[in-house]
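*Asks:* So the protein sequences, as listed, match chains L and G.
Counting from 221, one number per residue, gives the positions in the first sequence under my numbering.
Counting from 169, one number per residue, gives the positions in the second sequence under my numbering.
Do not rely on the hints blindly, as some may be mistaken.
List time: in silico BS3-like cross-link candidates among lysine-lysine, alpha-carbon distance up to 27 angstroms [as the list claims (entries may be wrong)]:
| no. | chain 1 | residue 1 | chain 2 | residue 2 |
| --- | --- | --- | --- | --- |
| 1 | L | K305 | G | K243 |
| 2 | L | K317 | G | K243 |
| 3 | G | K272 | L | K305 |
| 4 | G | K486 | L | K318 |
| 5 | G | K482 | L | K318 |
| 6 | G | K272 | G | K243 |
Far from chain L, some chain G residues (derived; all Cβ distances over 10 angstroms) [claimed, not checked]:
| no. | residue |
| --- | --- |
| 7 | K183 |
| 8 | Q339 |
| 9 | A351 |
| 10 | S367 |
| 11 | G372 |
| 12 | R378 |
| 13 | S388 |
| 14 | I390 |
| 15 | A412 |
| 16 | E434 |
| 17 | R449 |
Simulated from the structure, these hints should not be mistaken for lab results.
All C-beta atoms in this analysis are idealised placements derived from N, C-alpha and C, irrespective of residue type, glycine included.
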Amino acid sequence: MGWFTKTTEPREQAALPDLWHVCPACQAHVFKDEWEAALKVCPKCGHHDRLSARERIGLLVDPGSFREFGTEILPSDPLGFSDAKGPYAAKAAAAVKKLGTSESVVVGSGNVEGTRVVLAVMDFRFLGGSLSTGCGEKIALAIQHAIDFNRAFVMVSASGGARMHEGILSLMQMAKTCAALQRLERAGLPYVSILTDPTTGGVSASYALLGDVNLAEPGTLIGFAGRRVIETTIKQKLPDDFQTAEYQLEHGFVDAIVPRKELKARLAQLLAFRMK
Amino acid sequence: MDFDFEKPLQPLRDKIDALVAKSRRGDPTAEAALAGLRKQLAKESASLYARLTPWETVQVARHPGRPTARQYAEKMCDEFVELHGDRVCADDPAILGGLARIGKTRFLLLGHQKGTTTEERIACRFGMANPDGYRKADRLMKLAEKWGLPVVTLVDTAGAYPGLEAEARGQGEAIGRSLLVMAGLKTPILSIVTGEGGSGGALGIALGDRVLMLQFAVYSVISPEGCASILWRDGAKAPEAAAALRITAKDLLRLGVVDGIVPEPEGAAHANPDRAIALVRKAILDNLADMMANAPVGDRLVEERFRKFSAMGKFDPKKAVKA
């Protein structure tokens, strides 16, 4: 190798740890430690970054009180689906391996300031938090658990909608989860729905907006149809705040917008009216 | 000719047209030949329709000549009293509702209305309902429960309407609420997918104790075009997506999502709407008679419906993906 080629080799860069987080909303550079201490909320503009299901659970339940169940429910490939990027089964298996959750939702029991509740928390990183047969099955299981143990049910949504790869059976999970909620209703147990970014498509058209109380984090995208689809259909530009949590509050579809750091206390406050 | 896939029938159709013209001119030999050719056409058409690809089935399911909900209401029922409005803010013409009677059977009829004239199609947004439509459906289903009438829903929509007002008035909440109402309704519900079963907009009135599909109807989580543009990044791959999504009546019967298939006349519903309406009429009468006689009542009916939908996509460890 000549001396001239050697100098063009890229310099070693791994030595510097990544200390900075760049806010996707305001582009501010903030110390990663500071940003994580603020629960991934930008200290400059208040942008709420997405959390994983486990981060969310850590935020909402008392330390050490969470007992996960339903981990035996994994994704299935009922249609033998393949698209341009290959078989769905491989994609789903990779998501399980990479994210360490058995599906796009984590379910279990935990204490919220001492009140035992059943939680179902979606993880957007798992194939866009899509509602699949496994996901629907886990949510229905959680609701049944709440009924069996006489507890409140807390749903945290984060989803782009139904999972296409499981076809019509994904759509039927909207029916399944709503039928389970109907049972919860007959049992007279509270249902608090927390909408986090994003809550759209089939999830918005099933359990997400059916809470006795619907709470949303600031700036959360909440809507049924996608912005682009609507703009193409009606051939007009949509307002900037269209389908935000603030827009939904104004239109009467959420009860309150609660900043992340106040979410647990607000949840506990609500539950105290019924479960104590 | 309605579809490209009908091209092989064209020579035969041309021959028949020529013979008809000949017979009109008074040629006595034409009459005899015509009967034979018509029989042959029927046979070839039947075998063609028996071999449709999923994408071709989508084209048939969307044919504008298929009967609309209003045509079913008017031609199939001996009485139909239309009822309007959601009691909140509007009356959505994209969902037709009213009290219906066939013979001695009385029921509440609901259906997506696609319209027949251009004017009507625009007024009801080609059968794509607004939240007001789903709220009207809820209101009428509760009326049916109160009056002790079974509910029949005719499902035929590309999907719920993607519009500004639809979102402002809570499209997602309206569909979700409709699912909750249907799940708890203490009167039997029969749902029939008569054309396009498009996603949540279709399911919004399709949570039935019994769900049937017309022979050439489709029912899908997303349109093949939408799926192709997302997963193939190319809307032109819709035929591939249509096959991969499993959306035909036969597929859904196999998957346990529908309970039965209502046959269509030869050459599909658009070729003979009156016959198609008569076949749906029979399916409604047969199924309602059975449901009213044998289905459980009250809480047990609700429990049975819960079990039916709980069984869909039940987790089977043997079918799980290997992580």
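*Asks:* Against each hint, give a clear statement of whether it holds in the structure.
*Replies:* Here's how the hints hold up against the structure:
no. : hint            : verdict
1   : K305/L / K243/G : violated, 48 angstroms
2   : K317/L / K243/G : violated, 57 angstroms
3   : K272/G / K305/L : violated, 55 angstroms
4   : K486/G / K318/L : holds, 22 angstroms
5   : K482/G / K318/L : holds, 24 angstroms
6   : K272/G / K243/G : holds, 16 angstroms
7   : K183            : holds, 42 angstroms
8   : Q339            : violated, 4 angstroms
9   : A351            : violated, 4 angstroms
10  : S367            : violated, 6 angstroms
11  : G372            : violated, 8 angstroms
12  : R378            : holds, 14 angstroms
13  : S388            : violated, 6 angstroms
14  : I390            : violated, 5 angstroms
15  : A412            : violated, 6 angstroms
16  : E434            : holds, 27 angstroms
17  : R449            : holds, 26 angstroms
Checked against the numbered hints above, the structure violates hints 1, 2, 3, 8, 9, 10, 11, 13, 14 and 15; every other hint is satisfied.
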